[in-house]
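Same order as they appear, the protein sequences are chains X and A.
Remember, my numbering sits 1338 above the position in the first sequence when you count from 1.
Remember, my numbering sits 1011 above the position in the second sequence when you count from 1.
Hints in this document: simulated from the structure, not taken from any laboratory.
Certain hints may be false.
What the simulated footprint calls covered on chain X by chain A, stretch by stretch (three residues with Cβ under 8 Å from a Cβ of chain A suffice, anywhere in the stretch; the number is not a length) [stated by the list, open to error]:
(1) 1467–1478
(2) 1515–1528
(3) 1551–1560
(4) 1578–1590
(5) 1608–1614
Pulled a few chain X residues facing chain A out of the computed Cβ check, cut under 7 Å [as the list claims (entries may be wrong)]:
(6) Leu1510
(7) Ser1548
(8) Met1618
(9) Met1620
(10) Phe1625
In silico contact screen, one side only, chain X against chain A (beta carbon under 7 Å); selected entries [stated by the list, open to error]:
(11) Ala1511
(12) Ile1565
(13) Arg1566
(14) Leu1568
(15) Tyr1570
(16) Leu1574
(17) Leu1619
(18) Asn1640
All C-beta atoms in this analysis are idealised placements derived from N, C-alpha and C, irrespective of residue type, glycine included.
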Amino acid sequence: MSHTNNIVKILLLSLLIGSAKELSAQFETLARAQTLLNTKQPDKIDQAVLAIDSAIRHKDTKGDFISWTTRAFIYYEVYKRADRFRLNSVLRDTIISSIRTSDKLKPDSTYQAFNQKLLVSLAQGYYNINIKLLQDSGDSEKSLIAYNRYKNLYKEIYPKTDFRAKDIEYYLAVSTVYNDKYSKDSSEKTISISKKAYEKVLEIDPANRSANLGIGLLNYNEATVLIRKLEYEVELDQIEVVQDHVVKLAKESEQYILKVYNTNQKDAKAVEALYYVYRMLMDKVKFEDFKKKCSELGIVVNEETTAQQK
Amino acid sequence: MISFRFQQPSSYDTNSKLKAVYLYNFTKYFEWPENMRTEKFIIYVVGKNDNLVTELKTLAGKKKVANQDIEIRNSANYDASVLPNIIYFGPDIIKPVSAAAAKYKNKGALVVAESAGACKSGASINFVTLESKLKFEYNKSAAIKAGLKTNDDIKAIAVSNIE
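Only chain X is shown next, with the shape it has when bound in the complex (with noise of 0.2 Å):
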């Protein structure tokens, strides 16, 4: 965050530059407070937020904005150090007033720029917890949450902003994570967090390639794990149940994976899952004219069966 050092700096400059009038004790407080920020040392930092805290507390400071933003980047110090990574902060939230109150009180231009670059760095830190929350507990609600925090705080400085793209990305990671860990655990509620993750994408954009083969796989490889479940002794009756559930799967599969296929008949992954989708259905026709696609594109497939003797 090397930029909001440099408004650390700026900030000290702007009240030195106001001192030249005669100080107040108040603001006196207030330039000791931004002195000890400047410092970035973790010790002076703890003694700047007594300082701040009295200072927006008393009158001929507590209307001032240069006092809640100095408060804003005061806190914004001690929560780099203790919560950055937390989803709920206090620290956080005490920013965040902050520069409310600061933009409640008509700041400059400049202090003005100085509280939405701070919104644009909490916003970027919602955005890194989302991330974090996916990455190392994969915990999908939570990032979802921390997600639409940066979406929000984002959108208070860019009302224009155009999410969708970034959308995309963070419904893909969503999906990818939980692909990986349906792979392990071969889940139910891990599967359908996958599948709704691709269908925010195609809400979005109908035609992404990404999606639209996610979920065709994410259904043909659900089909494939209840196959692979089935119990060798099971009732021939249960064999119907499960494959009415198995066609239903792969049908919907084949949909989805034929939106790629039919815009590019060249696209490999979608050509492969196609055949194996036809062969899961049996279909032997189509089956083996996507053997042969498969072939021409060198990709080398599981083969079933090769009768010998007619």
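Dock chain A against chain X, hints included.
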């Protein structure tokens, strides 16, 4: 952000698993003659189908038919010298089906095929695909001719019964 990765399509052959499950289940609906219940229960796969053979070998490692261990045999072409409990002819292998049915008359071998009209050529069971699902036709007379005692419950599950 986390870079997007696709799942790989599973190469697992679901059709072979289904066939293995069916073949094992058929053992519940037939009774083999005494002489076919003393040694290993042989399932003989005719035709090249590595996935099915692998699946059946997995089955053989886990299950028995009554007290009999299961043995899986496989050859690309039909070998009449093998006397199996179940013989499965792979897709579209039709010519040797009638020869096998004749050869195993009263010997106690369940002939299973996967070709149009196989039940009329002497197979007791014929796998068919219907609405993208694996099902089977049943020929009770062929099973009786093969020397097997039959259980009519299988008739209700078969997609069609051929006499």
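Now the hints, each set against the structure:
Residue count for the stretch 1467–1478 of chain X with a Cβ under 8 Å from a Cβ of chain A: 3. That meets the three needed, and the coverage hint holds. Figure legend: the stretch 1515–1528 of chain X, annotated as covered by chain A; annotation consistent (5 residues with Cβ-Cβ distances under 8 Å, at least 3 required). Only residues whose beta carbon comes within less than 8 Å of a beta carbon in chain A count, and the stretch 1551–1560 of chain X has 6; three or more means the coverage holds. With 7 residues having a beta carbon nearer than 8 Å to a beta carbon of chain A, the stretch 1578–1590 of chain X meets the requirement of three or more and the stated coverage holds.
With 3 residues carrying a beta carbon less than 8 Å from a beta carbon of chain A, the stretch 1608–1614 of chain X meets the three-residue requirement, and the given coverage holds. A cut of 7 Å between beta carbons decides the hint on Leu1510(X): the least distance to chain A is about 4 Å, and the hint holds. With a least beta-carbon distance of about 6 Å to chain A, the hint placing Ser1548(X) at the interface is held under the 7 Å criterion. Interface restraint check for Met1618(X): the shortest CB-CB distance to chain A comes to about 5 Å, inside 7 Å, so the restraint holds.
Taking 7 Å as the C-beta contact cut-off toward chain A, the hint placing Met1620(X) at the interface holds, the least distance being around 4 Å. Taken as an interface hint, Phe1625(X) does not check out: its beta carbon lies about 10 Å from the nearest beta carbon of chain A, beyond 7 Å. Satisfaction of the interface hint for Ala1511(X) is found here, the shortest Cβ-Cβ separation to chain A being roughly 4 Å, below the 7 Å cut-off. With 7 Å as the threshold, the beta carbon of Ile1565(X) comes within range of chain A, its nearest partner Cβ sitting at about 4 Å, so the hint holds.
Hint status for Arg1566(X) relative to chain A: holds, with the closest Cβ pair at about 6 Å, below 7 Å. Taking 7 Å as the C-beta cut-off, the interface hint given for Leu1568(X) holds, the closest approach to chain A being about 6 Å. Below 7 Å, beta-carbon pairs count as interface contacts, and Tyr1570(X) has one with chain A at about 5 Å; its hint therefore holds. Given the 7 Å rule on beta carbons, the hint for Leu1574(X) holds: about 5 Å separates it from the nearest Cβ of chain A.
Given the 7 Å rule on beta carbons, the hint for Leu1619(X) holds: about 4 Å separates it from the nearest Cβ of chain A. Because the smallest distance between the Cβ of Asn1640(X) and any Cβ of chain A comes to about 4 Å, under 7 Å, the interface hint for this residue holds.
Against the hints set out earlier in the document, a violation occurs for number 10 only.
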